[in-house]
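**Q** Sequence:
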Amino acid sequence: MGFCMFPPQSDRALIRRYYLYRATLSVGFITPIFTLFLLRSLTFTQVGTLSALYSVFSVGGEIPTGYVGDRLGRRASLLLSVAFTIGSLVGFVVVKGFLWYAFLYALWALALTFRSGSMDAWLYDILDERLDSGRFSHVRGRGDAVQNWTAAVSMVVGGLLYGLHPTYPFVAAVAFNSLGFITLLSLPKNRQYAGCGDANVDRLGLLEAFTVVRGYLTKPPLRSLVVYVGLFYAVVGVSHTYVQPMAVETLAPYATGFGVQMVTGDATAAARSGDAGATMALGLGAMYASLTAVSSVGGYYAGAVEDRLGIRRAVLLVPAITAIALIVPLWVALLALPTFASMRTAMPLVQPIANGYINDHIEGVGRATLLSAVSMFYMTLRTPLALSAGIVADATTATVAMAALGGLFLVVGGAVWILGDVVPETEATIEEQADSLA
Numbered sequence: 028m029g030f031c032m033f034p035p036q037s038d039r040a041l042i043r044r045y046y047l048y049r050a051t052l053s054v055g056f057i058t059p060i061f062t063l064f065l066l067r068s069l070t071f072t073q074v075g076t077l078s079a080l081y082s083v084f085s086v087g088g089e090i091p092t093g094y095v096g097d098r099l100g101r102r103a104s105l106l107l108s109v110a111f112t113i114g115s116l117v118g119f120v121v122v123k124g125f126l127w128y129a130f131l132y133a134l135w136a137l138a139l140t141f142r143s144g145s146m147d148a149w150l151y152d153i154l155d156e157r158l159d160s161g162r163f164s165h166v167r168g169r170g171d172a173v174q175n176w177t178a179a180v181s182m183v184v185g186g187l188l189y190g191l192h193p194t195y196p197f198v199a200a201v202a203f204n205s206l207g208f209i210t211l212l213s214l215p216k217n218r219q220y221a222g223c224g225d226a227n228v229d230r231l232g233l234l235e236a237f238t239v240v241r242g243y244l245t246k247p248p249l250r251s252l253v254v255y256v257g258l259f260y261a262v263v264g265v266s267h268t269y270v271q272p273m274a275v276e277t278l279a280p281y282a283t284g285f286g287v288q289m290v291t292g293d294a295t296a297a298a299r300s301g302d303a304g305a306t307m308a309l310g311l312g313a314m315y316a317s318l319t320a321v322s323s324v325g326g327y328y329a330g331a332v333e334d335r336l337g338i339r340r341a342v343l344l345v346p347a348i349t350a351i352a353l354i355v356p357l358w359v360a361l362l363a364l365p366t367f368a369s370m371r372t373a374m375p376l377v378q379p380i381a382n383g384y385i386n387d388h389i390e391g392v393g394r395a396t397l398l399s400a401v402s403m404f405y406m407t408l409r410t411p412l413a414l415s416a417g418i419v420a421d422a423t424t425a426t427v428a429m430a431a432l433g434g435l436f437l438v439v440g441g442a443v444w445i446l447g448d449v450v451p452e453t454e455a456t457i458e459e460q461a462d463s464l465a
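Residues 28 to 465 in the numbering used here are what the sequence shown lists, from first letter to last.
These are calculated hints, taken from the structure and not from any lab test.
From a predicted model like this one, the values you see are computed outputs, not experimental measurements.
Some hints could be false.
[Claimed, not checked] Heads up, simulated SDA-like pairs for lysine to any residue below, C-alpha to C-alpha not over 20 Å straight-line:
| id | residue 1 | residue 2 |
| --- | --- | --- |
| 1 | K123 | K216 |
| 2 | K123 | Q73 |
| 3 | K123 | G190 |
| 4 | K246 | L80 |
| 5 | K216 | D155 |
| 6 | K123 | L80 |
| 7 | K123 | D155 |
| 8 | K123 | R44 |
| 9 | K123 | Y195 |
| 10 | K123 | I113 |
| 11 | K216 | F61 |
| 12 | K216 | Y46 |
| 13 | K123 | L66 |
Given only the sequences and the hints, what does the whole structure look like? Please build it.
**A** Spelled out as structure tokens, the structure:
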């Protein structure tokens, strides 16, 4: 019979445990020192190659791992993500060399893909089953904020630990991220994976998974939204690469005027010298912590922004304002700092709203697979933009490259918005979309 009893739970207790899980996802201990760590034994070319391999592994793994989340259960997929994360972190402590690091990057990519679709699918379904799916943007955004606040604190600690020994931040990350197993096991399974009544019968087959992905993403209302926000995520993601050189280009003259010397020495040499590497790591930890703390504001107020502006205006205005901010430092250099802040805030603000809208327009079965496919599309868009921005930066400056990315989004994103009817006022219901896929 299709009846399933759940133990009574406080909505606050359930959401609090979700926030604890999100805190354990932070990798702030290693974020500010990771490139320094790699440069101890690798060249910049090898580091760039690892980054490209990571993108390939992520794109290739998104749909298969999303399918695992739909087939075996979202919580099971999240537990696998923690396991692969821990395995990768331990590896960086015990091995060294390009080939070993390539293997560890593959583990890290698998950790990301096992989480990318399943985390939001679990949250949306659990809210729909026990609380209110309309709270998705609010709860998801607050989870982003908790993760960023945790990262901001651990980034400073990670910089200090690197000064003691380069592997200590990884040891701390292993200990902290392992808590994810405990927090996940304290969270309930979604109803269809709880093993009671008829809840287990509605599972997605492999061919059905591809049918679901093709059916939803090639038709309104999701088709244009995925292209629009995917381009925005790709532009912002690539822009983060140029924050440090753009800061030097735009702010160094003002710092010198106040008697502050901004040093831009050889990063490889600094990483391989103990004192210089430690000093650089501490400074990077403080800088990344500040920017991450700023980014938490976006996630924290995502639900409030959605309530105030509505989904359509929020998805239009936040990316457009951010794109304009990327261009402005070409003429007013001091506005580079607000640009960095807007970049860090915009994505955590838009992502819960967009993902909530996507979740509202798909059925529970296949949810993780579809969200993983969306993530795969975002990563695919990012690859050519990264290559193009690098060419522009080499030929001009990092500031020009970032402005070009902003201009690209305004032109292409604007065309998608006008021609594609992103977030239409009149939308098909989930039942109507499901009938069209049958």
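**Q** Is the straight-line distance between the alpha-carbon of K123 and that of L66 20 Å or less?
**A** Status holds; Cα separation ~11 Å.
**Q** With the threshold set at 20 Å, check whether the alpha-carbon distance from K123 to I113 stays at or below it.
**A** Roughly 17 Å separates the two Cα atoms, so the pair holds.
**Q** Quickly compare the C-alpha distance for K123 and Y195 to 20 Å and report which way the hint goes.
**A** Satisfied, since the Cα-Cα distance of roughly 15 Å is no more than 20 Å.
**Q** Within a Cα-Cα threshold of 20 Å, do K123 and L80 meet the stated pairing?
**A** Satisfied, since the Cα-Cα distance of roughly 17 Å is no more than 20 Å.
**Q** Under the criterion that the straight-line Cα-Cα distance not exceed 20 Å, is the pair K123, R44 satisfied?
**A** The given pair, whose Cα atoms are some 36 Å apart, is violated under the 20 Å limit.
**Q** Does L80 lie within 20 Å of K246 when you go C-alpha to C-alpha?
**A** violated, 31 Å
**Q** Need the status of pair K216, Y46: alpha-carbon distance at most 20 Å?
**A** holds, 16 Å
**Q** Would you check the hint for K216 and F61, treating anything up to 20 Å between C-alpha atoms as holding?
**A** violated, 34 Å
**Q** So if I understand the rule, the pair passes when the alpha-carbon distance is 20 Å or less; does K123 with D155 pass?
**A** violated, 46 Å
**Q** Are the Cα atoms of K123 and K216 separated by 20 Å or less?
**A** Roughly 38 Å separates the two Cα atoms, so the pair is violated.
**Q** Between K123 and Q73, is the straight-line Cα distance small enough, at 20 Å or below?
**A** Holds - the C-alpha atoms of Q73 and K123 are around 13 Å apart, at most 20 Å.
**Q** Has the given pair, K123 with G190, been kept, meaning a C-alpha gap of at most 20 Å?
**A** Roughly 19 Å separates the two Cα atoms, so the pair holds.
The structure fails hints 1, 4, 7, 8, 11 (numbered hints given earlier, in ascending order).
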